[in-house]
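There are 2 protein chains.
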Amino acid sequence: MTEIDVKQKILAANAAAAGELRAAFGASGTLVVNLISSPGSGKTTLLEATARALKSRLRLGGLDGDIATERDAERLRSAGIPARQILTGGACHLDARQVEKALAEEGGELAGLDVLFIENVGNLICPTTYDLGEDFKVALLSVVEGDDKPFKYPAIFARAAVTVVTKADLLPHVDFDLPAVRRQVGALNPSARLLVTSARTGNGMETWYALLEEELAAKRGAPVEALAAP
Amino acid sequence: MTEIDVKQKILAANAAAAGELRAAFGASGTLVVNLISSPGSGKTTLLEATARALKSRLRLGGLDGDIATERDAERLRSAGIPARQILTGGACHLDARQVEKALAEEGGELAGLDVLFIENVGNLICPTTYDLGEDFKVALLSVVEGDDKPFKYPAIFARAAVTVVTKADLLPHVDFDLPAVRRQVGALNPSARLLVTSARTGNGMETWYALLEEELAAKRGAPVEALAAP
Numbered sequence: 164m165t166e167i168d169v170k171q172k173i174l175a176a177n178a179a180a181a182g183e184l185r186a187a188f189g190a191s192g193t194l195v196v197n198l199i200s201s202p203g204s205g206k207t208t209l210l211e212a213t214a215r216a217l218k219s220r221l222r223l224g225g226l227d228g229d230i231a232t233e234r235d236a237e238r239l240r241s242a243g244i245p246a247r248q249i250l251t252g253g254a255c256h257l258d259a260r261q262v263e264k265a266l267a268e269e270g271g272e273l274a275g276l277d278v279l280f281i282e283n284v285g286n287l288i289c290p291t292t293y294d295l296g297e298d299f300k301v302a303l304l305s306v307v308e309g310d311d312k313p314f315k316y317p318a319i320f321a322r323a324a325v326t327v328v329t330k331a332d333l334l335p336h337v338d339f340d341l342p343a344v345r346r347q348v349g350a351l352n353p354s355a356r357l358l359v360t361s362a363r364t365g366n367g368m369e370t371w372y373a374l375l376e377e378e379l380a381a382k383r384g385a386p387v388e389a390l391a392a393p
Numbered sequence: 164m165t166e167i168d169v170k171q172k173i174l175a176a177n178a179a180a181a182g183e184l185r186a187a188f189g190a191s192g193t194l195v196v197n198l199i200s201s202p203g204s205g206k207t208t209l210l211e212a213t214a215r216a217l218k219s220r221l222r223l224g225g226l227d228g229d230i231a232t233e234r235d236a237e238r239l240r241s242a243g244i245p246a247r248q249i250l251t252g253g254a255c256h257l258d259a260r261q262v263e264k265a266l267a268e269e270g271g272e273l274a275g276l277d278v279l280f281i282e283n284v285g286n287l288i289c290p291t292t293y294d295l296g297e298d299f300k301v302a303l304l305s306v307v308e309g310d311d312k313p314f315k316y317p318a319i320f321a322r323a324a325v326t327v328v329t330k331a332d333l334l335p336h337v338d339f340d341l342p343a344v345r346r347q348v349g350a351l352n353p354s355a356r357l358l359v360t361s362a363r364t365g366n367g368m369e370t371w372y373a374l375l376e377e378e379l380a381a382k383r384g385a386p387v388e389a390l391a392a393p
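Chains A and B are the protein sequences, given in the same order.
Using my numbering, you'd call the opening residue of the first sequence number 164 and step up by one each time.
Using my numbering, you'd call the opening residue of the second sequence number 164 and step up by one each time.
Derived by calculation from the structure, the hints in this document are not laboratory data.
Quick caveat, the model's predicted, so the values are computed rather than measured.
You can take every hint at face value.
When chains are identical, the list treats them as one kind, so a pair holds in a single copy or across two.
In silico lysine to any residue, SDA-like type, Cα no more than 25 Å apart, as pairs:
(1) Lys382 <-> Ser354
(2) Lys264 <-> Thr165
(3) Lys172 <-> Thr251
(4) Lys170 <-> Asp294
(5) Lys264 <-> Thr292
(6) Lys172 <-> Gly253
(7) Lys382 <-> Ala265
(8) Lys172 <-> Cys289
Bound conformation, chain A alone (with noise of 0.2 Å):
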């Protein structure tokens, strides 16, 4: 068996168990978020400020994959949410037969969210190919990494619905031509929404807030204002 060989049948395994899962949130209307970025771009700065902002009107949890340190998810449960870590002992991405393992040993704390948010490995690359169930993929994008990203990355850049620019409160201060990538996200992913955001100063967070309300509707086929509080 060669190495591509293997990588196949690995995807292969992947992919029956994301459909498994995905199966299952849709019976419970779990919107499920899969976010994907390098270290240190923001994904958990944007979760702890999407729980503060949201957890009075919506059910919300968190799975935070991650080589080493439970980190991530004390951060979460600190701004009020269920959340487990899952430590992928040096894999550079979660796969789906985590995410189940991790919601089975959970049990009742992540069960009937209304929104379940993956925060993948700190990784552009090695996430991109495995499926999670999720609804979409959200790549975020720190303001300091600089604006040749999406075609150094493409692969995350054209399968990700949403692309969230973070940390834009820093743009006085560096490089960065917004404009460009919106040029690039837009070249690989025409339907893509790109959102600037400051989870700082909470500039834009407001549009984050009702993409993730409207997908939660159109998944339950109900209107925005029908979520369930719990």
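Start from chain A and add chain B according to the hints.
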């Protein structure tokens, strides 16, 4: 053959190729530095500044690994040193055979260098276990990525002889606990050197240049003053 068998076979083949590279670099007295970081931590920016500062004294060259685009090698050539892009075809790291092939194809320009910089694919995880025949690895961490990264990505910070903290000019605008990073890196690798730099302002860069010259002199068993000019 299992996934683990395949990985071990790949790493064994890589180690053999890396050994050949290391012998060749030893014979030519070329110091080889393997730079590893997240996307956007400032590897290319560090090398542009290094090229401009040292190219009158030392023969420098670069190999730039990426998933896509020729941008990084173009930036180094614009800074006045020979450089060649290696496109990895989707792989999240360089391997020793790719380095061998690129050097063989490039021929003259990258032969007989004083210092060869290998800028790995932007990734804190995958490049860690692939020996490229380098003298040492350098891990870069920008102050915007957060002060929790060494413990979250321990393998690279344990293996890098040098950690370069980058974009220090942004320290006034972010929460970044430098002593905490120093403690984490020290715990993972007690002999590691940690430099704090801003390629934009030049702060800390002289220490980086001096480190390169000292390492080159040590490799050649000669005093720094005796290093050849081009």
